[in-house]
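Asker: Quick note on this note's numbering: the sequence shown kicks off at 1051 and runs consecutively.
It should be emphasised that the hints constitute simulated quantities derived from the structure, not laboratory data. Please note that the accuracy of each hint is not assured.
To be verified - No more than 27 Å apart at the CA atoms, straight line, and that leaves these computed lysine-lysine pairs for DSS-like:
1) Lys1127 <-> Lys1181
2) Lys1090 <-> Lys1140
3) Lys1337 <-> Lys1300
4) Lys1140 <-> Lys1118
5) Lys1127 <-> Lys1393
6) Lys1054 <-> Lys1118
7) Lys1210 <-> Lys1184
8) Lys1181 <-> Lys1251
9) Lys1300 <-> Lys1210
10) Lys1367 <-> Lys1251
11) Lys1184 <-> Lys1140
12) Lys1258 <-> Lys1331
13) Lys1127 <-> Lys1140
14) Lys1184 <-> Lys1262
15) Lys1258 <-> Lys1184
16) Lys1367 <-> Lys1258
17) Lys1391 <-> Lys1111
18) Lys1182 <-> Lys1090
19) Lys1367 <-> Lys1184
20) Lys1398 <-> Lys1184
21) Lys1391 <-> Lys1181
22) Lys1398 <-> Lys1331
23) Lys1140 <-> Lys1106
24) Lys1391 <-> Lys1262
25) Lys1331 <-> Lys1184
26) Lys1296 <-> Lys1337
27) Lys1054 <-> Lys1106
28) Lys1127 <-> Lys1300
29) Lys1054 <-> Lys1090
30) Lys1393 <-> Lys1258
31) Lys1140 <-> Lys1210
Stated by the list, open to error - Label pairs and their calculated CB-CB ranges:
32) Asn1299 <-> Asn1125: 49 to 57 Å
33) Phe1161 <-> Cys1292: 23 to 31 Å
34) Pro1230 <-> Ser1271: 33 to 41 Å
35) Gly1394 <-> Cys1361: 23 to 31 Å
36) Val1121 <-> Gln1279: 35 to 43 Å
37) Leu1263 <-> Cys1292: 30 to 38 Å
38) Asp1123 <-> Ser1277: 16 to 24 Å
39) Gly1139 <-> Cys1292: 26 to 34 Å
40) Lys1184 <-> Lys1300: 41 to 49 Å
Quick reminder that beta carbons are idealized off the backbone N, C-alpha and C, glycines included.
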Amino acid sequence: MTNKIPVGILGATGSVGQKFIELLTDHPWFEITELGASEKSAGKKYSDAVNWVMQKPLPDKFGEMLVKNCVPDFNSKLLFSALDASVAGKIETEFANEGYIIVSNARNHRFDEDVPLMIPEVNPDHLELIKKQKYSGAIVTNPNCSTIGLAMALKPLEEKFGIEAINVVTMQAVSGSGYPGMSSMDMIDNVVPFIGGEEEKMQTEPSKIFGKLSTDGTFNSADFNISAQCNRVPVIDGHLECVQVKLKNKLSRQELISAWENFSSEPQALNLPSAPRYPVKYTFNEKHPQPKTHRNEGNGMTVTVGRLRECNLFDYKFIVLSHNTVRGAAGGTILNAELMKAKGYLDKIL
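Using the sequences and the hints given, assemble the complete structure.
Answerer: Structural data, given as structure tokens:
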């Protein structure tokens, strides 16, 4: 405990907040010391305020914690935000203005020009944007869950071959809508071909994620086009994506597979606690990847790719599978904080 960084969780009673608790329990670098939620939960024991839906039991030490209101009087200076977008923007800004470092899963600050939209394996250099922030603290965000799986699969290709255009159709798990999410009457024996705001996120977020920071500190967004269609399907965890890609340099199927299989990045080089050994894994079974089989690869942090084929409209098409509440939410956010610690961005609060 004495060697760990104390952390708090904002929005701790929601499904992503619960996943933060599950993943941070016994974390080697971080120790949960405070839990924050809405005013109706503040002052209650966490076990009384939460409807715990994780597979692992709620640890007693967290169940006994008193929930705090989400105002900037936390002792922990590093905070993970699982706040709902309806309140996250204002609350995160208030904390950052008071010197707190917010590592957020919420969408509100993703397109602030001085806020990194981070996937540690894809754009670790974007942490430099923190130096431009006006806060005495800082805000770092992760992208939308479906964007993260797509960007992880695209990074090895963009790095080696360049990308011109992408078409993606998603089949997204019900856990992506939070708890209680959509009703069983909506989802059983059904597919819902609409997720509010999801297609817009997938079509805009990659331009910032794959953008380049120049030596003078200016930021240039990526110039490839994306078309996205998003669907909700009756799967608990795991977003499946059918991707078509047009590359700037035409290469063989084996060269693309090699790019995925040999891909590694800064989190792996730094041996960060949450970093999977293989951030992207290719499967040769023509029926894979599948959510039940592959969502927990690399403790839910590995993105699985399969069914690479030539495409009559683009150059290639393939399938991507990622765990939406681990890599796509809490786990990805924790990895952001681990990278910040390893690169010295948390030094001012230690």
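Asker: Can you list which hints this structure breaks, lowest number first?
Answerer: 7, 18, 19, 22, 23, 25, 28, 29, 31, 35 and 38
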